[in-house]
Amino acid sequence: MIWWCCSGICRALALLALLFPLQERSCWGLNPSSGDLEKPPHSDPDPWDVPHRNRRSWVWNQFFVLEEYTGNEPLYVGKLHSDVDKGDGKVKYVLSGEGATSIFTIDENTGDIHATKRLDREAQAYYTLQAQAVDRLTNLPVEPKSEFVVKVQDINDNEPKFPDGPYLAGVPEMSPLGTMVVQVVATDADDPTYGNSARVVYSIEHGHPYFSVEPKTGVIRTALPNMDRETRDQYVLVIQAKDMVGQMGGLSGTTSVTVTLTDVNDNPPRFAHKNYQYTVLESLLVQSVVARIKAADADIGSNAEMDYRIMDGDGPGVFNITTDEDTQDGVIMLLKPLDFETKSIFSLRIEATNRNIDPNFLSSGPFSDTTSVKVTVEDVNEPPVFSTPLSKMVVSEDAKVGTSIGRVSAHDPDNSNSPIRYSIDRNTDLERFFNVDALSGVISTAKPLDREANSVHNLTIFAIESHDPTQIGKGITLITVQDINDNAPVFAIDYETLLCENAIPGQVIQTISAVDKDEPLSGHRFYFALAGPAAGNLNFTLRDNKGETTFCVMVLLIVTMRRRRKEPLILEEERDIRENIVRYDDEGGGEEDTEAFDMVTLRNLNVIRDPNVRRDVTPDTPTFFHYPSASRPSYKSLPDNVVFREFIWERLKDADVDPSAPPYDSLQTYAFEGSGSVAESLSSLESLSTDSDQNYDYLSNWGPRFKKLADLYGNSDSTTVLS
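Numbering-wise (my numbering), the sequence shown opens with residue 1031 and increments by one.
None of these hints come from the bench; they were simulated from the model. Idealized CB from N, CA, C, for every residue including glycine. Check each hint, because a few of them may be wrong.
Straight-line distance between alpha carbons at most 27 angstroms, and here's what the computed DSSO-like set of lysine-lysine pairs gives [unchecked claim]:
#1 1191 with 1181
#2 1122 with 1175
#3 1504 with 1373
#4 1181 with 1120
#5 1304 with 1422
#6 1477 with 1422
#7 1181 with 1366
#8 1304 with 1404
#9 1477 with 1547
What follows is a set of in silico ranges between Cβ atoms, one per label pair, in the way DEER data are often shown [what the hints assert, rightly or not]:
#10 1457 with 1319: 30 to 38 angstroms
#11 1736 with 1518: 20 to 28 angstroms
#12 1430 with 1533: 52 to 60 angstroms
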């Protein structure tokens, strides 16, 4: 059985065993395998039985060693001893586990354990070791291996510390006594379960008499009521934490707490003066700043925000006051133009009021103040002013040069009342149609006027002070030119009338209209008539519509007039000429993309359309004549110079929508010169409608057979046709 001893503890245990021999039938021990304490099971007591102790091979408890030992010799921890050891040196003690050999050593002969290094409980509070007794010769265990603990015993070697320090805190000014500010917390690394080494108390070293701290909790509170931020807004406290419950010999630590008094609205705004005076020029522009005033407020932030208003004063609506949000100044603005000659002094009464009033401090009010502001207007030399900024005048376009139209008038608004001279801004009268008298301001014509060229003249008139030519006023004069009937009517366009040869008598062939540059008040009324030789031409008649337009009606009085025989469009087969030009733009078509075109198709203008041909694709090609498809005229009714183009466009459209057309380009040319004759038309109607210089009087010399043609196409009067 092994016994352990730790300094005087063995002697104390032996004494206890002698005092209580009859109260325990067995002792507490360690399980050989686990080292845990065991207690034998209870049984019915036998009064005649003699108490005895159960044998155990190892018996011990944990060892204690004091931390921070500073002696020169190794620190004795305790002793191990086995009942097997007879003192003959056959038993050897072996130590293993945490710190074995490096921190703790054991005398293999005696079992004495020592600590060879200085221990720190805060670094490691205990060590778990294993002890074993073995036979020195065979190295076989004579006692089971078991564990024991060496616990480092704490001493007060750590001062309290504030992990969250230094502290910043705030409390509203004027707070009641005992208002909580902040709580500080100190920690001590010593063992809180052993003695008072880790038990701290708090005290205030610096900060009296304004603040206090609760010793046990570290809560800081105000110690004075109604502390004023405007007097002092910041305090720096020093708080101490001391262990050993504050007893002598305890260790201590400190931290700082900066307390800022936050602002409350406990101060009303106040103007520094009860009267202010400012001077401005009468030329000050509207929306300009007249003056800036400020009511002082000892508070800060939102508690110092204020609004200004004009309570009363001269000239309502002339001034306005607003708050500059950055500086809290009252900004007086000009709302209307100033005029020294009309009013030179203004008196205003202005009030400043806090926006955010704290009801807890209403007794400190009122939170507003008033002051008087006097604004003096200084005179400046102003330019002349026209009595009427915009003058309107009227003049006839037949007015003679030098005719007076009207008069402009301006005056000097200053007290000096300087004489005025007038002139025209020639940039507004580049052709110099008008003059203005420099002294009287009378405007007159300088050139003949033409309403049709310019019906309204917009003149800028300068009014210049004689004493100070730099002072120039401007006025506008609108001169309207009245119309007279000085322009003859003219036809709206140049008319060129075409007449079909099959026209019937009474058919309207042209509507004509006229225009007049003049503008009579009741509108134009034109009268139309045939002029010159045409007045006696019985083939035409003119019907006046008594208005702006007339109808000109041509009547065919000669119904037996022979029509000239026109050459047919389709040529005889022997005169047919065929040309083919084939162009290959497709690389894959080869010889299969050739196609011949019959010229008869081009000559035949009335081709029968196939209604079954696909028409779902419409080309973007424009046409020269725009008319509804349902009323499209025949080609015969079109002029010769249009027939060919319309025909080509129609054929192009048919090719674009033809589903059987080849998918490649084909260039086609036609030797088609139109439907007319080389000798041109011999129609009497067409001759009358053209300006041809051809003279057909030579037909009279061809004999009686050509006399009729000579009468029809000669230069003789048309009346001879009817004879």
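Consistency of the hints with the structure:
1. 1191 with 1181: holds (25 angstroms)
2. 1122 with 1175: holds (13 angstroms)
3. 1504 with 1373: OK: residue 1504 and residue 1373 at ~24 angstroms, within 27 angstroms.
4. 1181 with 1120: Outside the cut-off at roughly 30 angstroms; violated.
5. 1304 with 1422: violated (54 angstroms)
6. 1477 with 1422: Answer holds: residue 1477 to residue 1422 is near 19 angstroms, not above 27 angstroms.
7. 1181 with 1366: violated (94 angstroms)
8. 1304 with 1404: Holds, at roughly 11 angstroms.
9. 1477 with 1547: holds (21 angstroms)
10. 1457 with 1319: 30 to 38 angstroms: Once the Cβ atoms are compared, 36 angstroms apart, the range 30 to 38 angstroms for residue 1319 and residue 1457 holds.
11. 1736 with 1518: 20 to 28 angstroms: violated (45 angstroms)
12. 1430 with 1533: 52 to 60 angstroms: With Cβ atoms ~55 angstroms apart, the hint holds.
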